[in-house]
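*Asks:* Here is what each chain is made of, one letter per residue.
Number of protein chains: 2
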Amino acid sequence: MEKKKVLVIGSNSFSGIDFIDLLLEKGEYQVIGISRSKEKPDFFLTYKRHQCNNYSFHQIDLNNDLDQLANLIADQRPDYVVNFAALVEVGPSWDNPEDWFTTNAVAVTKLAKLLTQFTFIKKYVHISTPEVYGSCEDKITEDAPLNPSTPYAASKAAGDLSLFTFFKNYNLPMCMVRSTNVYGRGQSLFKIVPRVALYLKMGKKIPLHGGGKAVKSYIHIRDISEGQLSIMLDGKPGEIYHLSPNGAGIAICDLIEIICNKMKVKFDDAVDIVGERLGQDKAYVIDSSKAREAFDWQPRVPLEQGVSDVIDWVNENYNEMSEQPLEYNHKL
Amino acid sequence: MEKKKVLVIGSNSFSGIDFIDLLLEKGEYQVIGISRSKEKPDFFLTYKRHQCNNYSFHQIDLNNDLDQLANLIADQRPDYVVNFAALVEVGPSWDNPEDWFTTNAVAVTKLAKLLTQFTFIKKYVHISTPEVYGSCEDKITEDAPLNPSTPYAASKAAGDLSLFTFFKNYNLPMCMVRSTNVYGRGQSLFKIVPRVALYLKMGKKIPLHGGGKAVKSYIHIRDISEGQLSIMLDGKPGEIYHLSPNGAGIAICDLIEIICNKMKVKFDDAVDIVGERLGQDKAYVIDSSKAREAFDWQPRVPLEQGVSDVIDWVNENYNEMSEQPLEYNHKL
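Protein chains in written order, with my numbering: chain W, 55 to 386; chain P, 55 to 386.
Just to be clear, a hint being listed does not mean it is correct.
Pairs involving identical chains hold if they fit within one copy or between any two copies, as the list cannot separate such chains.
[Said to hold, decoys possible] Taking lysine to any residue pairs in the SDA-like style, the calculated list, with each CA pair at most 25 Å apart, reads:
1) K222 <-> D197
2) K57 <-> A198
3) K267 <-> N117
4) K167 <-> W148
5) K80 <-> I312
6) K177 <-> P227
These are calculated hints, taken from the structure and not from any lab test.
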């Protein structure tokens, strides 16, 4: 059987990396990854455990090298395109909001226009974010209105609105995914789970915005990748699908406490309480019944087990990790 | 009494021109206009009838000269900023959607960030569009969800979402206006009312998309300018206000027939039926009860009277007008 070809845009992102790992694990896919950056250090690239002849990487920047991408697509004729590329950090988006709009809305619009030329593409899967809904008390379904609180969220909402115009008018076979916060082995080190594990190991204090009362939903990256694969194969064009964990969200302080307990550090010794972030959405629980019913999808990795795996990963790669930058660096 | 200072961004736009004309007519305002283009030919600039010492023009491009604008604002310390600048055409936005997002979302985001520095600004009025709502059968109120159908509309929605993040987090004293289609003396010649009058006078056929069945609301520009002035002075920050005519909308073919009758040309001789435009929203009637109640505002210029005035304007300036381009020219 001939392998299906999948083009993964944003192959250096944590979600992109795990999605590639899942595709290669299935053995039925030929994967092409692109990113504006060089490939990350190997300890991030969980997909490196597979044989390399089913994966190729190309350094292409969506903001500047769209012609190169057009040539690659024309040449490779992928069956599916899955786009993880975005500027994703919330805090820095207040300093350079225009960069977030340029990447998350303008470049996405150019990409959408380009993709309409390639009728061999069976599905374009776009990774959006529930932050486009802003603060919500109740469980959010896919038809909730857009009400973003930060330039990051507004720029993602802008890209989403743009994509829908290409679905409506050019039948771009687009599905959109909005997932709650992910975590797992391979994640960027400034993200909460690996960061807390790393800080505890280093004996550094963790700055805790607003006391960590904000409730978030965390789901293991492999559960998300499985959901995205179902959406890629069987999602209905023009539809948005939420992916979220079972049960309610968890307060950030409680998540940190789980990690502290596993690493045998006292919570009070581990954190520094600092001020609330601008535009911090208070509650954040999304409803994923639609994807659960459509694809018989459900999360399978318990939080305790997933967190332990991240701690193992930090322990295994501690020397290389401690040489990496631990803060988010904005580059465009 | 010291005059209040108003900075009008997009002073070469039809709506900007009429708003400046209204401000100068009131006699209580010092007006600073900026546009990326040089001032238009005089027959467009209805405000030229006023003495020039209450108006100054600066050629500044929001996309490229933000520093210049920052200096101007710091120097002039306007009480109010009203922003008409946008790429507004729908059809061409499919060819270069990224340009629409760059101007209508990225530049607006940079502007919003800049304005938060100037606490002497009492109000920032942003001119949005009801096209952000997409196709709607019913009367649309200000809380309707965003559902744009074209890159133009999506780019305006993107700018609007971005502005709200600055209202929510930095208390930018922002009001947003969404008005139905305007017409009047001074309007761009490719817009329906002056264009039809000009084509009839030239004996040229009018291309009529989808037979002109699309229903739109037309309101005289002076009614809109009066509403915008009320919003500038008394609008509540963070609020959106609709401005729309009394009664239901009018089909484009019926509007053309009114002009034909006034100019004594047979409708069937005047038009060529052509295909529907991409992303053409079918119906388009917005509810303006909120502004009517808040400001005791209502439209006062009857359609027949306003249309006659445009025809007079075309007759008065026919020689100069026929030397102008009649099609929209995209430039960025």
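*Asks:* Now tell me, hint by hint, if it's right for this structure.
*Replies:* Quick rundown of the hints versus the structure:
1. K222 <-> D197: both (16 Å within a copy, 23 Å between copies)
2. K57 <-> A198: neither (38 Å within a copy, 45 Å between copies)
3. K267 <-> N117: Neither way: K267 and N117 sit 37 Å apart in one copy and 40 Å across, limit 25 Å.
4. K167 <-> W148: This pair counts as between: shortest inter-copy Cα distance 8 Å, intra-copy 28 Å.
5. K80 <-> I312: neither (32 Å within a copy, 66 Å between copies)
6. K177 <-> P227: Answer is within: at 5 Å inside a copy they meet the 25 Å cutoff, but 43 Å across does not.
Against the hints set out earlier in the document, violations occur for numbers 2, 3 and 5.
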